[in-house]
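**Q** Sequence order for the protein chains is C and F.
Counting with our numbering, you get residues 1 to 478 for the letters of the first sequence.
Counting with our numbering, you get residues 1 to 296 for the letters of the second sequence.
Don't read these hints as lab results, they were simulated from the structure.
Accuracy of the hints is not assured; some may be wrong.
With a cut-off of at most 20 Å between alpha-carbon atoms, the simulated SDA-like pairs for lysine to any residue come out as follows [stated by the list, open to error]: (1) F:Lys-152 to C:Ser-5; (2) F:Lys-16 to C:Met-457; (3) F:Lys-16 to C:Leu-460; (4) F:Lys-118 to C:Phe-466; (5) F:Lys-11 to C:Val-456; (6) F:Lys-152 to C:Val-456.
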Amino acid sequence: MLFNSFSFAVFVPIVFGLYWFVFQKSLKAQNVLLLFASYFFYSCWDWRFLFLLMFSTALDYFSGLQIAKTVTDKYRKIWFYSSIGINLSFLGIFKYFDFFVLSFQNLLLKIGFSVDVFTLNIILPVGISFYTFHGLSYVIDVYKKRIPTEKNFVDYAVFVSYFPLLVAGPIERATHLLPQIKAKRNFNYDEAVLGLYQIIWGLFKKIVIADNCAHYANEIFNNPGHYSGSTLVMGALLFTFQIYGDFSGYSDIAIGVSRLFGIELLKNFAFPYFSRDIAEFWRRWHISLSSWFKDYLYIPLGGSKGGKWMQIRNTFIIFLVSGFWHGANWTFLIWGFLNAIYFLPLLLTNKNRVNLEIVAKNQCLPTWKESIQMGITFVLTVFAWIFFRANSLASAIQYIKGIFTKSLFSVPEVRPTFLIILIVGFVLVEWLGREGHFALDHFRKVGNRFFRWSFVMFLLVLLFVFGKEEQEFIYFQF
Amino acid sequence: MFLLLFFLVDKLFFWKIQSLPELEFDKRLEWILEGKMNKEILIFGSSRAQHNVYSDAIQDSLKMTAFNLGYRGSNIDFQLFLLKKVLKHNKKPKIIFLTIDEEAAFHAEKTLQFRYDKLYNLVKYQEITNELIVRNDFSPFAFGWYCARLGKEQFLGRKEKTKYDNWTAAGTVLLDFTAADLNKKKYPLVHYNIKSELPELIAAFKEFQHICQVENIKLYLLVPPNFAYKNKEFVDRVKGLIVNELTKFYYENSNEFVESKYFYDESHLNKKGAILYTNEIIKRLKTEIQPNNSNH
Chain C
1 MLFNSFSFAV FVPIVFGLYW FVFQKSLKAQ NVLLLFASYF FYSCWDWRFL FLLMFSTALD
61 YFSGLQIAKT VTDKYRKIWF YSSIGINLSF LGIFKYFDFF VLSFQNLLLK IGFSVDVFTL
121 NIILPVGISF YTFHGLSYVI DVYKKRIPTE KNFVDYAVFV SYFPLLVAGP IERATHLLPQ
181 IKAKRNFNYD EAVLGLYQII WGLFKKIVIA DNCAHYANEI FNNPGHYSGS TLVMGALLFT
241 FQIYGDFSGY SDIAIGVSRL FGIELLKNFA FPYFSRDIAE FWRRWHISLS SWFKDYLYIP
301 LGGSKGGKWM QIRNTFIIFL VSGFWHGANW TFLIWGFLNA IYFLPLLLTN KNRVNLEIVA
361 KNQCLPTWKE SIQMGITFVL TVFAWIFFRA NSLASAIQYI KGIFTKSLFS VPEVRPTFLI
421 ILIVGFVLVE WLGREGHFAL DHFRKVGNRF FRWSFVMFLL VLLFVFGKEE QEFIYFQF
Chain F
1 MFLLLFFLVD KLFFWKIQSL PELEFDKRLE WILEGKMNKE ILIFGSSRAQ HNVYSDAIQD
61 SLKMTAFNLG YRGSNIDFQL FLLKKVLKHN KKPKIIFLTI DEEAAFHAEK TLQFRYDKLY
121 NLVKYQEITN ELIVRNDFSP FAFGWYCARL GKEQFLGRKE KTKYDNWTAA GTVLLDFTAA
181 DLNKKKYPLV HYNIKSELPE LIAAFKEFQH ICQVENIKLY LLVPPNFAYK NKEFVDRVKG
241 LIVNELTKFY YENSNEFVES KYFYDESHLN KKGAILYTNE IIKRLKTEIQ PNNSNH
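Bound-form chain C, shown alone (with noise of 0.2 Å):
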């Protein structure tokens, strides 16, 4: 069930009516509701894996009382390493499996030797890295005792399962999800409203914007040699719309539909390619993951509290692993690598927390300054989407020779001018927005309502106009 199907359209306001109209009453039977939806939801995708989501909540949920109650450290290693193993092996198991096999394979292949080896050939459970994520994150701050242990399996379940985050995130932390979960929610009409933006919002991201960028930017991608240098850049700028769209697009829509219920989820993306420097970028640019990453590996690493090249070291181990976490592929372990690359001037020079505000902030315009920044940054996010889009190490390779030929300075043989026009309005809309949550935080403050209506109507027609077939979210697969 996808977010921009007509069955999640039908599905959110039978589950919407049932929980504000029927179980209003009672907190209880509203998240008991809530775990339904959330198990229904994700049985849509495949029923079977239902039962390892069920394995995960009750193992992390299990391990969670254990640490709690056992007394001596001892004890409460066991079951804290026992519970983090398990989780880390099924994410090992059914995503990188086959690929550490194959990488082996490949490198005896080089040193003359041949094997066959054994690979799992499964699906990947959708979902699976962002709610190992959730159970990591619980079982650690219980561990490290920053919060109390769960006792109410239900709630907890809902906690690792909430069908707004449950298949690509955000990747939401216990100390800012379980005590909504466990407080009375009232409606709030203003929210509700303002969810119902981020929902129109989010699909104007994903079906007009990414939908229509991929369609072109898979064609380029997929055929790298057939095109010229200008195409092929071209193509690069369609993918760096293409993943914003979607990623940030299937944000808005959780983060929108949960306001519907009541529950406030983290915000996970905040205009990055506004950023005027890379470390900007990785602080608005899936902000739910950056900041796990952070907190649970960057900090236990020691931070950058054992000087400047401990904070190198670590900054590079969270790029290879976050590259890691998005797939089983050597690209995405470059991409990682080269965004650590990038970083590095940054930290050396002390330089990586300057820009904390968004650019231009109470400005209608950046200065020449900012500008100049923000291109850079953004060229420099193009170039490494290269290595996330390729199929493979040799095709980005082949993308990028492609790029610098003398065919850079001709006209691209892609020229989609209705999209391009697209585009510019999308930025425009989120430039104007960019000092709220999201494009259209503060649209309802925009005092003409015939306006207001307006523009939601013709984002409406869009959505109808181009929605004419379901396309899967990207990180659906991560």
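Position chain F against the provided structure of chain C, taking the given hints into account.
**A** Structure of chain F alone, referenced to chain C:
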């Protein structure tokens, strides 16, 4: 209030939808839906029907009205859809020719699809919209909302006419030029892979035959000449799929088709080839139909 206003705004697209058929050069499906396809002989198939079977010659020789409903790049599923629409809105034909694409007819093939694009400009007809919804090409929103029936192509204006859009009076497009990529290589033996057939295409083929049988329409299956090869295994496979004994299967073609001068590309005849091939069909038909007619 907002929803009510949006409902009214959506109704403005009614006029756009009414004007969409003007964007389409190919009026054949519209004529079918309007009940204007009352012919005695109809030709169904892909581009191999559209370009290889000269319906005007059949009409003149047999003194029976004929029309070519071959659609480039269409599969048997689309041809079945057309047949159902013809029978629903028009007088039933006496004879149907159905060309079968060697190799590709029952396989997952990029070049042979259900031609959704031929339906998009006809969404003013509720049955066309319903068909697109049933086939999951449109979301169920299209049932009630006009704007959900429109795609961006419908706003981009009329496409330019190509050399493939020159229909004769009886609906054939003759190719009086040769493709640049005519492959002159010959492959004496090509194996046919039954295992990779799609069950839904086989089912559509059988249903097509079944409808003709129930409606008492004479069905002639044609495998037009292919310059590169002749696939005997495929012919045997089609024979095995014929469910009605009265169905005729023409798969043997004149030896003259070994020459490249009759071909546009390896699997399509040019004008000269189409005339020659159609004359062969007419000769066979005359021996079968006219004695029967004279008996009556």
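**Q** Are the hints correct? Go through all of them and say.
**A** Cross-check of the supplied hints:
| no. | hint | result |
| --- | --- | --- |
| 1 | F:Lys-152 to C:Ser-5 | holds (19 Å) |
| 2 | F:Lys-16 to C:Met-457 | holds (17 Å) |
| 3 | F:Lys-16 to C:Leu-460 | holds (17 Å) |
| 4 | F:Lys-118 to C:Phe-466 | holds (18 Å) |
| 5 | F:Lys-11 to C:Val-456 | holds (17 Å) |
| 6 | F:Lys-152 to C:Val-456 | holds (18 Å) |
Hint violations for this structure: none, all hints satisfied.
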